[in-house]
Amino acid sequence: MRIFFFHLMPYAALDPATETEHDSAWVTLPNRHFDPATGADLYNAYMDELEAADALGFDGIGVNEHHQTAYGLMPSPIVIASALARRTRNAKIAILGSALPLRNHPLTLAEEHAMIDVITRGRLISGFVRGIGAEYHSFGRNPTESHDRFHEAHDLIVQAWTQPGPTSFEGRYYDVRYVNLWPRPYQKPHPPIWIPSQGSRETIDWAAHPDRRYTYLQTFSPASAVAKYLALYREVARGYGYEAKDDQLGWAVPVYVGTDDESARREARPHIEAFRRRFLRMTNEMLLPPGYTSLASMRGIFAAKRQSVLSDGNDMDGMIAAGMFICGGSETVAAALAKHHETMGFRQLLVMLQFGTLPHDMTMANLERFARHVMPKLKPLGETRAAAA
Amino acid sequence: MGVPEPATVAINGCEVAYRRTGAGPTLLYLHGAGGAFDWAPFMERLAEGHDLVVPEHPGFGRSATPEWLESIEDLAYYVLEFAEALDLRDVHVVGSSLGGWIAMEAAVRGFPRMRSLTLSCSAGVRAKGVPTGDPFLWNRAQQFRAVLHDQALAEAAIAREPTPEQAEIDLKNRYAFARVAWEPRLHNPKLKKWLHRIRVPTQLLWGAEDRLLPPGHGEEIARLIPGAVLRLIPDCGHLPQIERMDAWVAAVAGFIAEH
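Residue numbers (the numbering used here), protein chains in the order written: chain W, 23 to 411; chain A, 71 to 329.
Everything labelled a hint here was simulated from the structure, so no lab data went into it. Take these hints with a grain of salt, some might be off.
As the list claims (entries may be wrong) - Listed next, with one range per pair, are the computed distances between beta-carbon atoms:
#, chain 1, residue 1, chain 2, residue 2, range
1, W, P38, A, R179, 53 to 59 Å
2, W, S319, A, K260, 31 to 37 Å
3, W, P97, A, A237, 43 to 49 Å
Glycine residues also receive a C-beta, built at the ideal position from the N, C-alpha and C atoms.
Next comes chain A alone, as it looks inside the complex (with noise of 0.2 Å):
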């Protein structure tokens, strides 16, 4: 399988690029913060056996950021519109990081396309006490420091330099993910007391040694929806899909498979 070709679709009049491939059970995966530019290895192995979708949010990689890009619920919306436009049915969404929090603000609008939700390391919710770091104040290099957990990976990260052309992607996904979680910082105080709303079955994945967002939020979130199930993955970080991408595959698709 190469990697597939973009494609475009109008959503509230804007420009919404994504790639789909493989077949099975539609998986639509929602990126976080950094974008989905790259097609990353994880994506082509859950492109097998299912019918894979990647959007680009509004104002992030290849999509055109929308003058109503405000706030998180716009993503929600977005989402919605999204999946309506493409008339994807019994979605699993799997959301990381910015993008599950994107999923639960859809699911608790109504997203009855949806069909199971796993959310990985996934912001959107603060558990009080629980420390977070601060990724708009962390420059390139401790940015990979933190949210690594395998320090090589991470210098090995920091090495690589940047072309121009992701230079200019990170910039822009800087300014679109600043727009939605700078302020309140990487939660909506709101999103908590209608969390009882999401009733498809849920998993949560987290890397146990995950510093921006330690487990304790997936703590809470696990609390906050019924039935969910909180897995932990040890000695990862914030990017499962990246540090421990055998595992979080097998879980994700695991769980596609049950429901």
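Okay, chain W solo, but in the shape it has when bound (with noise of 0.2 Å):
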């Protein structure tokens, strides 16, 4: 197994307040909220943390991209992915990743996505995702066009890493007579290109592809989702004529290690309470706006009422019931996390180890007693037939 530590930098120091007197904390929570100072600390302890992952022998560490929102202060991963470049030096850097639609020119993404490939030889591991539907409303995107900008996006992107140039691309959306990428990606044929997701079949589909067969994240969803949308990709791949490997497929979780059950989680519940509750809250109108998903899927998601990650309970015993969290003393997690590889097979675990409003130095507790006691009894699992794969 390869373990990342994925980093969402919430704006930890948000009024809970808030939570009562806005119906969001996306799109159109006042930024007065926002205290310069406060991010400065915020941005710096984050980066810190991230750091201190690739010294306590992480496989890599990740960031992403989330646009007016105290949700995540990485409007721009790309920033962070920059810096994070020269103060580390083992760790893959994973971008989970750049919402490609939300650029005006997504030659910019190729461009800065081999720069950092370049600087860090090889380090790059490049995530593309659409952005989620309350960015379309921050941005004024027409979300109809998403999915169709997505993909012609990433086929731009992918040719101008891969094609000696100059070559020409003629698309609806963009249309550029000379690709010609100064610099050209490090990794040949180019930088590992995941595909983060809540879940959609659409997306499943296109990542599995032949073609593609680009790495599969589930993102923080219940651990019966998680299992349901790796063997779906298995099950895709297999209709496509062959074998998914396990590095095709990943899960990022929040999780929190304590010195024992009851302290972790005596510890960890106002923080991912306070995720749940604070950070991800928005209206149906923003996290769904029309176009974003298909009509037949809005269909389905109307029908469930809401989207499961949203409308679930919001204490922390649900969630770690439902196997979206995990925490305990080392034991418990490394047996959670180890049953659950058991079941899913995936070689990429991207663990939470800050969340909510989860404060430095008990983070930096938690990525300790992660690196030092549950890591290296995760690491060994799978790689065998990793291996022969």
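Take each chain as given, in its own frame, and dock them per the hints.
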């Protein structure tokens, strides 16, 4: 198993009163709630944590992109990944991911990812996403074009990375006479591409396609949903006539390791509950603007009332029971993750060791306990199979 | 007069549903983002003394959703082709909100079959500095409260739970609306510079209390279409054909009779 420390960089200092005063932590939450001096402390603490993970022997560190929200302070993951590039030695740097349709020109992303890949001598993992519904409100970008723009931007980026330039690209949204990237990426044929998702058949069909075989990363979901979508990926791959490697499957999950089960739960509770209640909050209209999902998927979502990630119980016990949060002493955490690995067979595990309001000292302790007591037990799992594949 | 049965006509490969009833001058009603799935009381009234034609735009209601529906200009060409397909002549066009925008887009492209134009709380033009509502961020209840001035009417509308069929149509309409009106939001920045090409008699009917598209947008359109007259309807929101049906129908019929 390969283990990554995945950070969302929430604005942890967010006034708890916003939970009742505003209907969302996205789009319309007034930015007077962001204090730049506090922001400076948070950015530097969070980057210290990511750098520590490199020193502690994590296989990689992960950052992501979200806009105009207290949920995450990385509107450009490129900025954070660039800063980490020169402050880390061994860890892969995973951008999970860049929101392709929200950028005006995909070539800027092809260039920036290539720069980081070259600077780090091939430590970049590229992730591509569409951006969430709320961000189509924030940017005014048309959600009905989201899928098409994503696919076209992806094609342009991969062409820029792989075909000797200059070439030309003729698309509906992007029309470029000279595709001729300087620098070209360091890794051949290009940095690995991961596709983070909350679970969608369309995304899995696309990512698993034999032309791509991209790593599918299921983010913050009940373990049953993770198992379902990872199994679906394997099934879709078989439908395409090949066996998916464990490498192609990943899971991102918040984890807290305490000195024992009881203290772990006591310590983590307010912080993981703040994550759900304070930072994930948004209205249905923000989450699902028209066209962001197909009409057919939207009907399904309406039938189920609401995506489970936002409707399940907000309390920690519910999250632990659903396998959305792994919490306990190191034995408990290692056993839970090993068990999930055995049933799901993912090779990429992304642990979110900071979540919600978890402060720096507790995050560092969590990182160290995880690295010392849990990681050594997990790393060998499945590696014989991965080597044989 | 009962509710007329919908017919269909193929427009550039898209099956467009429409209803037609009544006798008199031809009145083409272009619906707004809410669609025209239901036969509304104001339609019944318009059909008295007019040959009323009410299509459901491509992507809306009973009509098919064509691949080619990408932006407002596609709906402009659909209206031009629809009028040709039915051979509508001397058409008095009445457009509400999104429908008004479509009417203007069709008109600047050359719409010789059009005889007069009534724009009701029309989208399509952004008056700088005049605030607009955001129908895509509103939920169902917020939407009713924002578009209707009479809040008792709004609460009554909210209390009527939509049938599964209505909910399905609402969702479909919302998808089509977003395709053409999300970005730029509810207007075409390039439209203003050609509005002088609308040379038919034009009136604008506007709810004085319209919070989605306040009357400042109407003033801007009236300034740009030669000879256009803006009539404000007091104590009324974005849907005067519903909130002030009598006054609205009288203004539409009176204008058509004059021209």
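So, going through the hints one by one against the coordinates:
1. The hinted range of 53 to 59 Å is satisfied by P38 (chain W) and R179 (chain A), whose Cβ atoms lie roughly 55 Å apart.
2. Look at S319 (chain W) against K260 (chain A): about 34 Å separates their beta carbons, and that is inside 31 to 37 Å.
3. Checked against the given bound of 43 to 49 Å, the beta carbons of P97 (chain W) and A237 (chain A), roughly 35 Å apart, lie outside it.
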